[in-house]
Amino acid sequence: MRVDGKGLIDRTKPVRFCFDGRDYAGYKGDTLASALLANDVRLVGRSFKYHRPRGVLTAGSEEPNALVEVVGPSNQTPNVRATVQEVFEGLVAQSQNRLGSLRFDLLAVNDYLSPFLSAGFYYKTFMWPRAFWEGLYEPLIRRAAGLGSLSGRHDEGVYEKAFAFCDVLVIGSGPAGLMAALTAGRAGADVILCEESHALGGRLLSDGGTIGGLPAGDWVAQVVAELEALPNVRIMVRTTVTGAYDHGTYGALERVGLHKPARPNLPRECFWRIVAKHAVLASGALERPVAFENNDRPGIMMASAVRTYLNRYGVVPGRRVTLFANTDQARGVARDLMAAGVTVAAIVDPRPDASSVEDCPVHVGAEVVGSRGRLGLSGIQVRKGSEIIEIETDCLAMSGGWNPTLHLTCHMNGRPRWSEELAAFVPMEGAVPGLVAVGAANGSFSTHGALVTGHAAALKAVEALGRKVSVAVPEAEDMPYRIKALWAVEGTGRAWLDFANDVTTKDVKLAAQEGFRSVEHMKRYTTQGMAPDQGKNSNVAALAVLADATGRGIPETGTTTFRPPYVPVSIAAMGAGGRAEGFAPQRFLTSDQASRDRGAPMIEAGLWYRPSYFPKPGETTWREACDREVRMVRETVGIADVSTLGKIDIQGRDAGRFLDFVYTNTFSTLPVGRVRYGLMLREDGHVLDDGTSARLGENHYLMTTTTAAAGLVMRHLDFVHQAFCADWQVRFISVTEAWAQFAVAGPKARELVLSFLETPVELPFMGVAPVRIGGVDGRLFRISFSGEEGYEIAVPTRYGEALFRDLVARAETMGGGPYGMEALNVLRIEKGFITHAEIHGRVTAHDIGMEKMVSAKKDCIGKAAATRPGMWGPEREQLVGLKTHAPISAGAHLFVPGTEVHRETDQGYVTSVCWSPTVGAWLGLAFLKDGRARHGEKIRLVDHLRGLDVICEVCDPVFHDPEGEKLRA
Amino acid sequence: MRLTCPLCGERDRREFYYYGAEDYLHRPSEGAPLSEWDSYLHLRDNVAGVVRDLWYHEAGCAQWLVVTRNTVTHEISGVELVAERAK
Amino acid sequence: MPDLIAKSALEGRSLALGGVTLAEVDPGPITSIALYPGGTKTAAKGLRTLGLAMPGPNSFIEKKGARIVWTGREQAFLIGVAPPAIEGAALTDQSDGWAVLALSGVAAVEVLARLVPVDLRLAACPVGTALRTQVNHMNAVILRTGDYGFEILVFRSMARTAWHEIENAMHMVQARAGTKI
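If you read the sequences in order, they're chains A, B and C. The numbering of the first sequence is the numbering used here, which starts it at 1 and goes up by one. The numbering of the second sequence is the numbering used here, which starts it at 1 and goes up by one. The numbering of the third sequence is the numbering used here, which starts it at 1 and goes up by one.
The shape of chain A in the complex, shown without the other chains:
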């Protein structure tokens, strides 16, 4: 019911929204919860396990009951807290976790089965027969115990992530936060003020009172106006700081567009990474429920929430309200209600020494012991001494005191401290370096305490920043906090602790009885604290009940660990921009468009996109195109873009010496104008990478790396250089991106190359020379990855596309054309050339038959380790070729024919395979135990995954032109 003259909602802006198919009206400034309560909708959801009717419990992000699905044009978001979701024109929401309608949920039968559904019932009930678990029990349980559902479609919404930096981060904008922000802001510090709600002011908006003689609301407005005018203060509303991380890093979730109709490009949420030199935690406190029988009916709410709905939203959740509370502060709720003309049927205060002077009946030393009302509260039972009093009420405001919202102080392993005086945990000082908890978050529950501590913390931060400021702290209420802890009322019925996961005091006691006495064990056994609210409403009470059941004190029982995030964060927000292609940068070749123009499917090779093959009319499979391209290279000439290979320009008097150190073989003796194949080891003796390096000048080399390892090699070279020879005359830099490079391979390669050079050059095999092509300076290498006579021609990247198109056109006049990755792979397997399929990180130079490339005359990285026992010898798996007439697969394992197939008899594995149109057989490269001594043997290849079982011939890995005559032609 809406109350006239109350609330901060904008009554000139009505908003229509829909809940469970019915249209309702609210106002701008309403949350879904306040608008539903204004419409007298009390039943908003069903509980997790027992499907009990549930209503709004709180007015904040800690809400355990009012979880709804918000249906958008492109998505359906489950578990949205109705207490956080603001209404907007056209909002569509629906209740969740029900079968049938919300009023007649068929799964409510679970509530009658509750004796069978106690803590740990999964483990006890669904033991037998074992096979039923996956097929029957689990799907049934999942259906019954759910927390909302998704649309099943991709979330097309826009999400954002962003970085922010400040001197002082103020978390929360109640009296403590506003005072801190004002102090730091006036001092000229760079301030970010984060507020979870859509309006600044925190509990001042709910509780009223006066500050410095002004009504609290006016003081808030005045401070906010000043902060907004300060250029050094950034105010972020609808932003929850979700985590505290090392060195002043904080995560924060901003609801950017969730309170508005969807708009193109408007982010739904933004995940902020905020870096702050200092942080002030002014996150307030959370009121805690009291466990009594049937304390979960719609209409039973937190006292502070009732006050918030009244003063902030102009809503009373009932006509006859009762209050059950154990602090003096909570009396303000009853007084505010009565002042607004609402009947307060009774105040129930368990403290025997509490005041009984109010304008309504007060039962001192009494407790609420039960409630009634099927879909909403209609009455409570109060026990006073031996007497039971029935009170008619449709709204019970309850309060068991307050828990400081100290979660962030525990995110770096800090443990909170128990305060007997407050009957609550308070933050451990210094638990997060640079963060200071103030106000209610630190157990200062009065407005005065909040203002003073907020001011002091900000002042300290400001001084540490070398700034000065003088700000007067205004006068405010400084009521003492008098509490008698009350966690659970004595009784035999079910009394809820964790509303969201349906955990009762009985479950906690059962856990203790069954031996789960540690708080961490109890949590996992009962699932208390594991729901979306992460125990915000129940943790302290649950461990108090556990402490009682195990005969220990609360400090000895301890708490579970609070971890980020403080509120649920959608994966979409945390990984904003990373969906689908946003996952990693895409690298495109200069020939990309030309390849696509020819219909080439592009495949990912690391971050690069490379053509797989170039289909011709009439070809129906990739294999047809691939076979043709292989024959084309072997018979005429083929063109391939090889720009993806890493290229590192190395210069200096000690360049050769440096290469000698990082390669196993010697480069300082390489003549200018020549290229040499090099093998690079890791310091642990395994192969890191291979490639060719060219000597372009006396003190100038160009190293190439494999595509896959380009970054890895650069990092390695940087390490070797900086760690071991920073004083050498050598510098290097990647030029991968600066040059477009194309392979020209095949018997007609030379003819083609000579056709476009301004001045013909005759290069020996493994030679390099500067050339000019169409007025552009380039480089010509005579190297081959195909086994045919081959050249690679490099030009500055800007000319890459033009040169590629030109080369392909020339090749086509000679019966050749472009070839893709598939053919490139077949060509290199036929020739026994290795890639990172072979040098996968666990092979040594010995394994690939290159031990002779490790020079005896000099030291190099990895040399010592490569000589260690176990790194070489016949017991190792060595590179061999495989030849057969049936399809084979990479990943298959090798066995001696006639032996059993299992791990102990495993002889090795296959790394690369292809159909070779040149040899007319299936070829493979494999690692086989003592493989080099076994050429000619038959071996059994088994791949259970693909159902292959094939006998192969073990042979030399070089299948094509073993003498290299074609290369040197």
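Simulated from the structure, these hints should not be mistaken for laboratory data. There's no promise every hint is true.
Unchecked claim - Beta-carbon label-pair distances, calculated as ranges:
| id | chain 1 | residue 1 | chain 2 | residue 2 | range |
| --- | --- | --- | --- | --- | --- |
| 1 | B | Asp38 | A | Glu953 | 53 to 63 Å |
| 2 | B | Gly49 | A | Ala464 | 22 to 32 Å |
| 3 | C | Thr40 | A | Val469 | 27 to 37 Å |
| 4 | A | Gly430 | B | Ala32 | 41 to 51 Å |
As the list claims (entries may be wrong) - Quick look at which bits of chain A chain B covers, simulated, 3 or more residues with Cβ under 8 Å:
| id | region |
| --- | --- |
| 5 | 239–248 |
| 6 | 720–730 |
| 7 | 863–875 |
From the three backbone atoms N, C-alpha and C, an ideal C-beta is built for every residue, glycine too.
Since the structure of chain A is provided, determine the placement of chains B and C on it from the hints.
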């Protein structure tokens, strides 16, 4: 986590690549016994307290860094350039 | 003879959204200058012919269309002019290795706050700052060229991704215009 690169200044951890203990800087001399290589390559302490680690400012200046940090408190007490460290 | 037409990574594309402009620019020649140990003095002599000097970390110097940008320890990129003869340093042509994007407008800093994990607000990143950092997952060199202007160097092969990500951020900033931050 944030690291202060001696050249680039304070940066987010995402810009850095972690390698391992500083021990990698103390490469045995050529011909050292294999046991020395074994310890250089593989034997590490698992310290609860102050450690010196190698990090690479991969998305920044490409310098290797020796970072002194406390594995218990996460405090970072020093960052030096590998290339300019006192030998 | 082949007719080799030069193409930049993005063919000079440009885009304006919500008061922010993104454009590919032609920086002219880019030369990496990496000093050898002991090369400081002789290299300085070479640079003096352009009126330039090796810049300190995180900064660049501009003179008559020539820029020298700090890119690492004892390393800089000379941009916009052909390199003079420089002793004591390795010179490497990087002209074709990078795509350069200019981003300008009052909200340019907000756009980059979506992608760059460094404080780019003017007080922390004044004009003349050169940073080696990331644009999302891409390594980049970011130059603060004006109160409201940046130039961003990314690897040429990643230019399309960089464009796409900056454009996305521009759209989002425009859509939430009016938000203070």
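If you look at each residue in the region 863–875 of chain A, do at least three have a Cβ nearer than 8 Å to any Cβ of chain B? holds (count 4)
Would you say the C-beta atoms of Gly49(B) and Ala464(A) sit inside 22 to 32 Å of each other? holds (27 Å)
Counting residues of the region 720–730 of chain A whose CB is closer than 8 Å to a CB in chain B, do you get three or more? holds (count 5)
Does the hinted range 41 to 51 Å hold for Gly430(A) and Ala32(B) at CB? Since Gly430(A) and Ala32(B) have Cβ atoms about 46 Å apart, the given range 41 to 51 Å holds.
Thr40(C) paired with Val469(A), Cβ distance criterion 27 to 37 Å: Given a distance of about 45 Å, which is not inside 27 to 37 Å, the answer is violated.
Distance restraint hint 53 to 63 Å, applied to the beta-carbon atoms of Asp38(B) and Glu953(A): violated (40 Å)
Taking a Cβ-to-Cβ distance below 8 Å as contact, does the region 239–248 of chain A have at least three residues touching chain B? Our answer is that it holds, as 4 residues pass the Cβ test (under 8 Å) against chain B, meeting three.
Checked against the numbered hints given earlier, this structure breaks hints 1, 3; the rest are met.
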